[in-house]
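> The lines below spell out each chain.
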Amino acid sequence: MAQEEASVSQEFTGLSIDHPVYCYGQPQPPPVTSEGVIAIDITRNFLDAAATLEPGQLVKDGYFTLFESVGAIEIMDPKMDSGCLAPDESLDEDYDVTRPLLPAEVLGIIDQLLCLEMAWHLGYPLSQTLLTNVYIEAMLVPNPTTIKEADFIRGEGPRDPMFIVLRAYCLGLLKACLHVNERIKYEHYYEEEDFVTTTYHRSLLENIDDIEIRDEIMAAKRLVHSLRPKISDEMADALSFRLELRTAFLRAIELAELRSHWESLSLPWSQMKAIWEPINRSRHLGTPVPEAFSTKLQRRLASTMPPRPIVQPSFEETYEHFKKFFADGIDLLKILNYTDSQSLLNFVVTFQAQKPQPLVYIRTLLQWFLIQDMVVLGRVSIRQVLDDDLSIVALPCSRLLDPANDEVEAPHDTRFAIAHQMELFRQRVAPSYLDIFKALCQNRCRVRRALCHAIQDWETVQMDAEEIDQLLQVQLEEKPITYDGSTPAYSIPLSSWAYLYKVRLMEWIVQLGFELETYQPDEMAGMYWYLSYLAKTRAKHAERIKAFTVQRLNELRAHPFSNTAAMEATFTTSLSYLRATILDATSTLELADALSCLYTVLGRLRLIVPPPRPYSSDELRYEIRMKPFAPISLPRLPSYDNFVRLSAQHETSTAGLLDFAQRAVVNAKMGYDVLGKMGEKEAFTANAHERWLAGIKNCNKSGIAINIAVAAIRRALESGAAKEGGMAPGEQKVMVELPKPAKSYHEWWIVPKIVEKKS
Amino acid sequence: MAARVAELPAELKYIQYEHSLESQYLPAIRALISKDLSEPYSIYVYRYFLYQWGHLCFMALDPVDSSLIGVVICKLEHHASHSPPTRRGYIAMLAVAAPYRGHGVATVLVKKAIDAMAQKNADEVVLETEETNIPAMRLYERLGFLRSKKLHRYYLNGNSAYRLVLLLRHIDPDGHEDPNGAADLSLDDMDTAPR
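Residue numbers (UniProt numbering), protein chains in the order written: chain A, 1 to 759; chain B, 1 to 195.
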């Protein structure tokens, strides 16, 4: 059971526990007289009714769920009731926020705040992070409405310079948190899983203008500068860099909202990246002030949450996380450089495949950049992206995509019909197409789950597209052609386009299964077989599309007058996309085949032994494992018997399987080598080429690892260290280790290691 | 951590819970389960399960003094958030006192619970377990459970979980009302909607 369920905090709108009634002395009885209300004392009835129950008897209606029951707390249990005080314990923290602070203490507090800020970005609630700081509490309560009020000490009077520095830092910090929180809330994310957006009715300086805050930070910086002789250059620099970080962060947030040119947006991110190193180097100058942080402050928050500890990563961890955060921020902005739809997709795919995954704020910025009000990257219409994609994948220079069709007003004109059908098609597919991007922006677990839903959607997209294809092929008077020696067929370009996506999504689901360690060792042979089956389907389908595209190109070339350089270029783009797709799919299928054979051999040698599983059958487990794919009509999920037959390959000898695995690795390598030599134009990886190329190289390394494993098995079989059908546990001289995905060359290729048993 | 016993006391007693045992065993059950939790469940949560599905709760007792050594707590309900609806068993809590671990006590308890749920016509049994809890995953996977999905940051400590599923019988997909509709593949209700 998840314990998150215990925090039922959102629903207490207007119920603030720092209301005097709840805080001090004996609670007052609620007012029982009010106009229009007739109060009846039911104490007696309640006690009488309760007396008829036996202890432990449950009273609830049929709709009271487990989720709600987990929200129950026991009053006066110190682990559940945050208001429960130990004898002589004071309700509030008795830290004096007016006490003088040394520069080193201010630095210590700021650095601890940095750690807590990162903990918040990582998904821990404000109550366990920033809102445990007494200075922040003093600044936020009561809610300041002017910049002057936003201070630890309210009212006039001189301020110690160190106060001014800490205050300016906190102002910048809280305002950044407000913007980050708002951005995340605006996009698709999972509350309490990716992030906790609740502020417990604290306003994070909502009423105060960013410009005023930036002015305060500037003033504090000037102040620090003037203090140089007094506090040392080192300390002055350390404080200045931290203030600078806050200014840059606010600037980065402000610019990101513009979604304009990436280079101008990246400036503050580069600044943060540069400042972060001297901040890290100067943290030894700080003196921690642990007493300025307390979980007691949780009592003042509007929440029924039990008391929970402060979550604070070490500064080393915080350093690494922020470093990655800033680097990801810079990388992310390159997405704004739109070139083509497939590069856009590859950007998102490779960006999100990074380990560790970019933090949720970066991921929500990614969503914000990608799609807003049906506009992509702030300037490209969905229609343009879709038409780009259709042109690249299946319809280069097609009459279907001719913008002039829209101008035709005669209803009997073919172009009028095309414009109408294409518009229906775009409206139908646009949400599904954008959903792929949205799904890819989520955390990895959710990506897999969202794709399981998406393939069912694409199943119907494909069917609907096929209907439109059939209408259009009549309009275009298309003649079926024979390709691949089979019966004549129509191009059905729109459903072909949809099918290509659907199969790719299916592959991703299987591959994410490896990445997320969903499969047990004895499932590997079958899952790699299925991956290979899907990749083969995709390769074949891309070949089909290519056949029609080449046919159209030849027709075009046969009429030299209608053939222009621009048209040739559009066809070239499409054909190079299909080439890259076919190479990617065939390399995937070969490597998956190699691993499937290898794992099948490990099963035969009893180096991977399935657990006893007295409550399950292989067939029932196949049903659960393949549940996402069962409703898909094409490619149809193989029956269980076929699945077993094809992945177990009983008719092939073990030596034969090992030979096959090695050949498959050779074939995969040929494909990856060609891919690896492609430029970003041929590979459709603009703005993401390095990340993509690293992935290709890691696939090749996985192939090498497979070869090593195959060679080790051969040696073991020759030397008698392993035997067909297995050996008695004591005799076996080798064993198999499955590396964690993170320890593999590539998360999608889990290559077993054959190691000698230590005697 | 308490030292482990080398051998179990001869023949532990395994008994099915019933409401009349509440005053005798509920405090011990709570204490045993709370040990591994950063935050205790309120007594209401225990009663939520035990009062409604006491027959799916099993206890391992010391044969000499009848003290509690291990416990499993479950529920069994219609699960209708996706079609076809199933009768879904859920293993909510499982705990064995530290000194008695490693002797298969938990396995016996889980088997008894599955048997009881199967007898009550459960179609499937599900549970979540922390990704770092290797012994628990091994226990369930040895019995036939499969990891169906990973749940990101499912626990308060920030750890992720796996949903484990044991299918007890074939579920007819024709139970789908609309085979082409958005048939929900998920195993929980909060799959697509942001929480």
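Certain hints may be false.
Unchecked claim - In silico DSBU-like cross-links for lysine-lysine, where the CA-CA straight-line distance does not exceed 30 Å: (1) Lys75/B <-> Lys79/A; (2) Lys75/B <-> Lys753/A; (3) Lys757/A <-> Lys701/A; (4) Lys60/A <-> Lys120/B; (5) Lys60/A <-> Lys35/B; (6) Lys627/A <-> Lys120/B; (7) Lys112/B <-> Lys13/B; (8) Lys111/B <-> Lys627/A; (9) Lys296/A <-> Lys334/A; (10) Lys627/A <-> Lys112/B; (11) Lys323/A <-> Lys60/A; (12) Lys60/A <-> Lys185/A; (13) Lys324/A <-> Lys677/A; (14) Lys758/A <-> Lys723/A; (15) Lys536/A <-> Lys753/A; (16) Lys355/A <-> Lys753/A; (17) Lys536/A <-> Lys296/A; (18) Lys296/A <-> Lys13/B; (19) Lys112/B <-> Lys758/A; (20) Lys536/A <-> Lys355/A; (21) Lys75/B <-> Lys112/B; (22) Lys701/A <-> Lys540/A; (23) Lys273/A <-> Lys438/A; (24) Lys35/B <-> Lys79/A; (25) Lys355/A <-> Lys273/A; (26) Lys540/A <-> Lys681/A; (27) Lys438/A <-> Lys479/A; (28) Lys13/B <-> Lys627/A; (29) Lys438/A <-> Lys536/A; (30) Lys743/A <-> Lys324/A; (31) Lys323/A <-> Lys758/A; (32) Lys546/A <-> Lys536/A; (33) Lys334/A <-> Lys701/A.
Unchecked claim - Taking CB as the label site, the calculated pair distances span: (34) Pro173/B <-> Phe64/A: 28 to 34 Å; (35) Leu471/A <-> Pro85/B: 52 to 58 Å; (36) Pro84/B <-> Asp48/A: 43 to 49 Å; (37) Lys740/A <-> His170/B: 29 to 35 Å; (38) Ala655/A <-> Gln16/B: 51 to 57 Å; (39) Ile43/B <-> Ile211/A: 16 to 22 Å; (40) Leu267/A <-> Pro84/B: 43 to 49 Å.
Since the hints were derived computationally from the structure, they do not count as laboratory data. All values derive from a computational prediction rather than experimental measurement. Note that beta-carbon positions come from the ideal geometry of N, C-alpha and C, so glycine has one too.
> All hints are to be evaluated individually against the structure, with a verdict given for each.
Going down the list of hints, with the structure as the test:
| no. | hint | verdict |
| --- | --- | --- |
| 1 | Lys75/B <-> Lys79/A | holds (26 Å) |
| 2 | Lys75/B <-> Lys753/A | violated (41 Å) |
| 3 | Lys757/A <-> Lys701/A | holds (25 Å) |
| 4 | Lys60/A <-> Lys120/B | holds (23 Å) |
| 5 | Lys60/A <-> Lys35/B | holds (28 Å) |
| 6 | Lys627/A <-> Lys120/B | holds (24 Å) |
| 7 | Lys112/B <-> Lys13/B | holds (13 Å) |
| 8 | Lys111/B <-> Lys627/A | holds (25 Å) |
| 9 | Lys296/A <-> Lys334/A | violated (44 Å) |
| 10 | Lys627/A <-> Lys112/B | holds (27 Å) |
| 11 | Lys323/A <-> Lys60/A | violated (51 Å) |
| 12 | Lys60/A <-> Lys185/A | violated (34 Å) |
| 13 | Lys324/A <-> Lys677/A | holds (28 Å) |
| 14 | Lys758/A <-> Lys723/A | holds (18 Å) |
| 15 | Lys536/A <-> Lys753/A | holds (27 Å) |
| 16 | Lys355/A <-> Lys753/A | holds (22 Å) |
| 17 | Lys536/A <-> Lys296/A | violated (60 Å) |
| 18 | Lys296/A <-> Lys13/B | violated (45 Å) |
| 19 | Lys112/B <-> Lys758/A | violated (38 Å) |
| 20 | Lys536/A <-> Lys355/A | holds (28 Å) |
| 21 | Lys75/B <-> Lys112/B | holds (13 Å) |
| 22 | Lys701/A <-> Lys540/A | holds (26 Å) |
| 23 | Lys273/A <-> Lys438/A | holds (28 Å) |
| 24 | Lys35/B <-> Lys79/A | holds (13 Å) |
| 25 | Lys355/A <-> Lys273/A | holds (19 Å) |
| 26 | Lys540/A <-> Lys681/A | holds (23 Å) |
| 27 | Lys438/A <-> Lys479/A | violated (38 Å) |
| 28 | Lys13/B <-> Lys627/A | violated (39 Å) |
| 29 | Lys438/A <-> Lys536/A | holds (27 Å) |
| 30 | Lys743/A <-> Lys324/A | holds (19 Å) |
| 31 | Lys323/A <-> Lys758/A | violated (42 Å) |
| 32 | Lys546/A <-> Lys536/A | holds (15 Å) |
| 33 | Lys334/A <-> Lys701/A | holds (28 Å) |
| 34 | Pro173/B <-> Phe64/A: 28 to 34 Å | holds (32 Å) |
| 35 | Leu471/A <-> Pro85/B: 52 to 58 Å | violated (39 Å) |
| 36 | Pro84/B <-> Asp48/A: 43 to 49 Å | holds (46 Å) |
| 37 | Lys740/A <-> His170/B: 29 to 35 Å | holds (33 Å) |
| 38 | Ala655/A <-> Gln16/B: 51 to 57 Å | holds (54 Å) |
| 39 | Ile43/B <-> Ile211/A: 16 to 22 Å | violated (54 Å) |
| 40 | Leu267/A <-> Pro84/B: 43 to 49 Å | violated (56 Å) |
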